[in-house]
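Undergrad: The residues making up each chain are set out below.
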Amino acid sequence: MTSNLALGSPNVPSPPVFARAHVLQASAALLAELKASFGDSQRALLRLDLAGIEHGTRDQWRLQRALQILWGVTEGGQDEGLRSGVDIGPDRADAAALRAAVLEVLQLGRVQAVLLARAQRSLRMISHRVAGPHANYQAPASPASATPAGNCMGPQETI
Amino acid sequence: MSSLNASLATALSGLTAEQGALQTTTNNVANVNTPGYSRQVPVLVSSDPLVLDPLTFGTGVTLQSIESIRDPILEARIQQETQTQGQLGALVSALSQAQVGFTSTNGDIGTAISNFFDSLNQLSTSPADLSLRQGVLTSAGNLASAFNVTADNLTTQRGDIDRNVQQTVSQINQLTQQIAQLNLQISNLEGVGESAGSFIDQRTELIDQLSSLVDVNVIPTDNTLTLTTANGTALVSGSQSFQLSTQPDPTGLQRIYAQGKDITSGIVSGQLGGELQARDQQIPALQSQLDTLAAGLANSFNTAQAGGFDLNGNAGTPLFNPPPAGGTGAASSLAVAITDPALLAASSDGTVGSNGNVEAMYALRNQGIIQGQTPTVYYSGIVFNVGTASANANAEQNASSLVLQQLNDQRASISGVSLDQEAANLVQFQQAYAASAQVVSTINSMMQTVINMKTS
Numbered sequence: 489m490t491s492n493l494a495l496g497s498p499n500v501p502s503p504p505v506f507a508r509a510h511v512l513q514a515s516a517a518l519l520a521e522l523k524a525s526f527g528d529s530q531r532a533l534l535r536l537d538l539a540g541i542e543h544g545t546r547d548q549w550r551l552q553r554a555l556q557i558l559w560g561v562t563e564g565g566q567d568e569g570l571r572s573g574v575d576i577g578p579d580r581a582d583a584a585a586l587r588a589a590v591l592e593v594l595q596l597g598r599v600q601a602v603l604l605a606r607a608q609r610s611l612r613m614i615s616h617r618v619a620g621p622h623a624n625y626q627a628p629a630s631p632a633s634a635t636p637a638g639n640c641m642g643p644q645e646t647i
Numbered sequence: 083m084s085s086l087n088a089s090l091a092t093a094l095s096g097l098t099a100e101q102g103a104l105q106t107t108t109n110n111v112a113n114v115n116t117p118g119y120s121r122q123v124p125v126l127v128s129s130d131p132l133v134l135d136p137l138t139f140g141t142g143v144t145l146q147s148i149e150s151i152r153d154p155i156l157e158a159r160i161q162q163e164t165q166t167q168g169q170l171g172a173l174v175s176a177l178s179q180a181q182v183g184f185t186s187t188n189g190d191i192g193t194a195i196s197n198f199f200d201s202l203n204q205l206s207t208s209p210a211d212l213s214l215r216q217g218v219l220t221s222a223g224n225l226a227s228a229f230n231v232t233a234d235n236l237t238t239q240r241g242d243i244d245r246n247v248q249q250t251v252s253q254i255n256q257l258t259q260q261i262a263q264l265n266l267q268i269s270n271l272e273g274v275g276e277s278a279g280s281f282i283d284q285r286t287e288l289i290d291q292l293s294s295l296v297d298v299n300v301i302p303t304d305n306t307l308t309l310t311t312a313n314g315t316a317l318v319s320g321s322q323s324f325q326l327s328t329q330p331d332p333t334g335l336q337r338i339y340a341q342g343k344d345i346t347s348g349i350v351s352g353q354l355g356g357e358l359q360a361r362d363q364q365i366p367a368l369q370s371q372l373d374t375l376a377a378g379l380a381n382s383f384n385t386a387q388a389g390g391f392d393l394n395g396n397a398g399t400p401l402f403n404p405p406p407a408g409g410t411g412a413a414s415s416l417a418v419a420i421t422d423p424a425l426l427a428a429s430s431d432g433t434v435g436s437n438g439n440v441e442a443m444y445a446l447r448n449q450g451i452i453q454g455q456t457p458t459v460y461y462s463g464i465v466f467n468v469g470t471a472s473a474n475a476n477a478e479q480n481a482s483s484l485v486l487q488q489l490n491d492q493r494a495s496i497s498g499v500s501l502d503q504e505a506a507n508l509v510q511f512q513q514a515y516a517a518s519a520q521v522v523s524t525i526n527s528m529m530q531t532v533i534n535m536k537t538s
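Protein chains in written order, with my numbering: chain C, 489 to 647; chain H, 83 to 538.
Don't read these hints as lab results, they were simulated from the structure. Certain hints may be false.
Claimed, not checked - Simulated restraints, written as ranges between beta carbons of each label pair:
no. : chain 1 : residue 1 : chain 2 : residue 2 : range
1   : H       : Asn235    : C       : Lys523    : 29 to 37 Å
2   : C       : His616    : H       : Asp135    : 58 to 66 Å
3   : H       : Asp153    : C       : Ala605    : 37 to 45 Å
4   : H       : Gln487    : C       : Ala605    : 13 to 21 Å
5   : C       : Arg609    : H       : Gly223    : 36 to 44 Å
6   : C       : His622    : H       : Pro131    : 48 to 56 Å
7   : H       : Asp431    : C       : Ala588    : 52 to 60 Å
8   : H       : Ser227    : C       : Ala524    : 44 to 52 Å
9   : H       : Gln492    : C       : Gln595    : 22 to 30 Å
Stated by the list, open to error - Derived lysine to any residue pairs resembling SDA-like cross-links, with alpha carbons at most 25 Å apart:
no. : chain 1 : residue 1 : chain 2 : residue 2
10  : C       : Lys523    : H       : Gln249
11  : C       : Lys523    : H       : Ala471
12  : C       : Lys523    : H       : Asp491
13  : C       : Lys523    : C       : Gln556
14  : H       : Lys536    : H       : Thr524
15  : C       : Lys523    : H       : Asn474
16  : C       : Lys523    : C       : Asp582
17  : H       : Lys343    : H       : Gln253
18  : C       : Lys523    : C       : Ala554
19  : C       : Lys523    : H       : Ser147
20  : C       : Lys523    : H       : Gly469
21  : C       : Lys523    : H       : Leu489
22  : C       : Lys523    : H       : Leu486
23  : C       : Lys523    : H       : Ala473
24  : C       : Lys523    : C       : Ile557
25  : C       : Lys523    : H       : Leu484
26  : H       : Lys343    : H       : Ser327
27  : C       : Lys523    : H       : Gln487
28  : H       : Lys343    : H       : Gln249
Quick caveat: nothing in here was measured; it's all calculated off a predicted structure. Every residue gets a Cβ at the ideal spot worked out from N, C-alpha and C, and that includes glycine.
Can you make the complete structure from the sequences, with help from the hints?
TA: What follows is the structure, encoded as structure tokens:
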């Protein structure tokens with residue numbers, strides 16, 4: 489899910505090398521898109537709009553991959569300066585802005601994680617109600633076994 | 083058979099009812115910006131008919147009541163979310179304040195630890211140099227000072243939160259008193275069949291305020307409400323409020339009592355819950371970690387000192403004052419025990435030029451002397467923990483604000499005043515009033531006709 493946003497450098501196969509300024513620009517654009525996507529997801533989560541949540545998560549996953557690829561291909565590979573906003577030379581101001589945007593996205597990611605947990609609780613409550621008073625709330629015998637009909641618990645969940 | 087007088091009475095009932103409806107609309111418009119106000123609607127019902135066998139005549143309209151539009155479930159959710167918001171607000175405030183002491187770039191413990199080890203490294207190049215020895219003592223003093231300042235700041239912050247606890251309890255008591263008084267007024271009005279909408283709005287507003295301070299359960303009873311904390315301690319029962327009180331425990335921190343019973347540990351939500359969580363859990367945990375680090379450093383360096391020899395060829399004496407048993411208070415009491423730079427035990431064999439022991443001291447930098455971790459890694463862990471706790475609490479607060487905003491919007495859409503709707507109602511009631519007045523005028527004219535018939 490989106491709460492597990494990793495901004496580190498992934499293992500990507502021999503990518504092309506881009507100029508640092510272009511990477512900064514592209515990163516800023518992707519982060520802006522990611523922020524907007526988080527905004528949409530928050531609205532979907534508050535409405536419990538499952539399709540919207542799913543769409544937002546897919547969108548964020550795509551943007552996260554794009555950022556990972558972008559940040560993995562700067563000159564010199566893993567560019568700590570880009571991420572920390574220090575020692576970036578003539579692009580210092582841009583990098584600081586980028587750093588601020590990264591922190592903002594991280595905060596939005598944390599908020600999203602909290603909202604997802606809340607949505608999960610709400611949906612679980614609804615599923616319990618729908619299951620009715622005769623539902624079997626005991627966990628299945630083994631985690632691998634399928635959830636039986638009338639059992640609204642997930643395979644790992646217990647009350 | 084119906085009479086002209088009966089028709090006149092029917093028309094008058096219309097005038098009276100529409101006038102009441104207009105008054106309701108006027109009141110709604112006047113309160114469009116009043117916080118917590120719930121839109122009111124007139125409830126009009128047909129008056130009891132008059133049966134004159136074989137016919138039944140209507141006798142007009144009655145304004146039965148004026149109802150406030152509310153959703154009790156939504157209001158309960160808002161109160162619950164307000165509690166969460168209050169708790170997180172207090173927690174975020176405390177953690178942000180604590181975080182500052184660990185993340186400042188100058189004079190923080192992390193920098194002081196690095197500087198201290200750097201000074202030892204320098205001394206190892208020339209172990210007999212008194213200025214380098216003095217440099218080590220200065221760095222050690224700075225390190226002790228950094229621990230003292232950070233620990234004292236945490237203690238001060240804990241004291242401030244403790245004073246806030248007292249203030250919060252006082253605010254809770256004021257609110258519960260006001261709610262109890264409103265309960266009485268609402269009960270009296272509803273007891274005689276009158277509408278208490280405005281008082282109920284005021285009470286709802288006060289319960290919202292109370293929810294931001296403490297965890298509140300609202301239990302509706304006949305014409306009134308009972309309020310308890312989450313663990314069942316009564317705050318308000320009908321027209322009676324139960325005051326909370328504070329008393330200091332042996333450590334000087336305030337405990338919260340309700341009717342003689344200590345309920346401190348049972349308060350988990352609202353601003354009070356957040357303050358207690360910060361005062362009794364978060365800050366003590368940080369203090370404990372700081373004490374562990376300070377005691378670990380002091381003990382390790384004192385042991386290293388004892389293994390070497392000073393410039394006079396004597397066995398080393400403790401560099402730092404020994405930490406208290408158990409380590410509690412080690413950070414605030416950490417102090418350098420020696421003032422003479424010659425007493426630094428840099429030599430491992432008693433000769434003046436030996437740097438064996440100062441190298442051993444420097445090697446502590448990379449040894450797991452604090453619960454298996456190096457001092458720097460352990461300190462980084464503290465900074466990471468306080469930063470993560472603060473960021474998580476912040477995220478929880480943001481999420482809670484979003485949910486609360488959504489709930490308030492929902493409440494506004496149900497209970498709020500729509501000026502468009504009220505304008506339409508105004509026209510509708512005005513037309514009905516004008517029509518009733520026209521009926522009165524017509525009946526008057528008919529009566530005049532009857533009177534003229536008699537006099538002519």
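Undergrad: Now tell me if each hint is right for this structure.
TA: So, going through the hints one by one against the coordinates:
1. H/Asn235 <-> C/Lys523: 29 to 37 Å: holds, 35 Å
2. C/His616 <-> H/Asp135: 58 to 66 Å: holds, 60 Å
3. H/Asp153 <-> C/Ala605: 37 to 45 Å: violated, 25 Å
4. H/Gln487 <-> C/Ala605: 13 to 21 Å: Cβ of H/Gln487 to Cβ of C/Ala605: about 18 Å, so the range 13 to 21 Å holds.
5. C/Arg609 <-> H/Gly223: 36 to 44 Å: With a Cβ separation near 52 Å, C/Arg609 and H/Gly223 fall outside 36 to 44 Å, so the hint is violated.
6. C/His622 <-> H/Pro131: 48 to 56 Å: holds, 51 Å
7. H/Asp431 <-> C/Ala588: 52 to 60 Å: holds, 56 Å
8. H/Ser227 <-> C/Ala524: 44 to 52 Å: holds, 48 Å
9. H/Gln492 <-> C/Gln595: 22 to 30 Å: holds, 26 Å
10. C/Lys523 <-> H/Gln249: violated, 40 Å
11. C/Lys523 <-> H/Ala471: Holds, at roughly 23 Å.
12. C/Lys523 <-> H/Asp491: With a Cα-Cα distance of about 24 Å, the restraint between C/Lys523 and H/Asp491 holds, given a limit of 25 Å.
13. C/Lys523 <-> C/Gln556: holds, 16 Å
14. H/Lys536 <-> H/Thr524: Distance of about 19 Å is within 25 Å: holds.
15. C/Lys523 <-> H/Asn474: holds, 18 Å
16. C/Lys523 <-> C/Asp582: Holds, at about 18 Å.
17. H/Lys343 <-> H/Gln253: holds, 19 Å
18. C/Lys523 <-> C/Ala554: holds, 14 Å
19. C/Lys523 <-> H/Ser147: The given pair, whose Cα atoms are some 50 Å apart, is violated under the 25 Å limit.
20. C/Lys523 <-> H/Gly469: holds, 22 Å
21. C/Lys523 <-> H/Leu489: Holds, at about 24 Å.
22. C/Lys523 <-> H/Leu486: holds, 21 Å
23. C/Lys523 <-> H/Ala473: It holds: about 18 Å lies between the C-alpha atoms, which stays within 25 Å.
24. C/Lys523 <-> C/Ile557: At roughly 18 Å apart (the allowed maximum being 25 Å), C/Ile557 and C/Lys523 satisfy the hint.
25. C/Lys523 <-> H/Leu484: holds, 16 Å
26. H/Lys343 <-> H/Ser327: holds, 10 Å
27. C/Lys523 <-> H/Gln487: holds, 20 Å
28. H/Lys343 <-> H/Gln249: Roughly 19 Å between the alpha carbons, so the hint for H/Lys343 and H/Gln249 holds.
In the structure shown, a violation is registered for the earlier hints numbered 3, 5, 10, 19, in ascending order.
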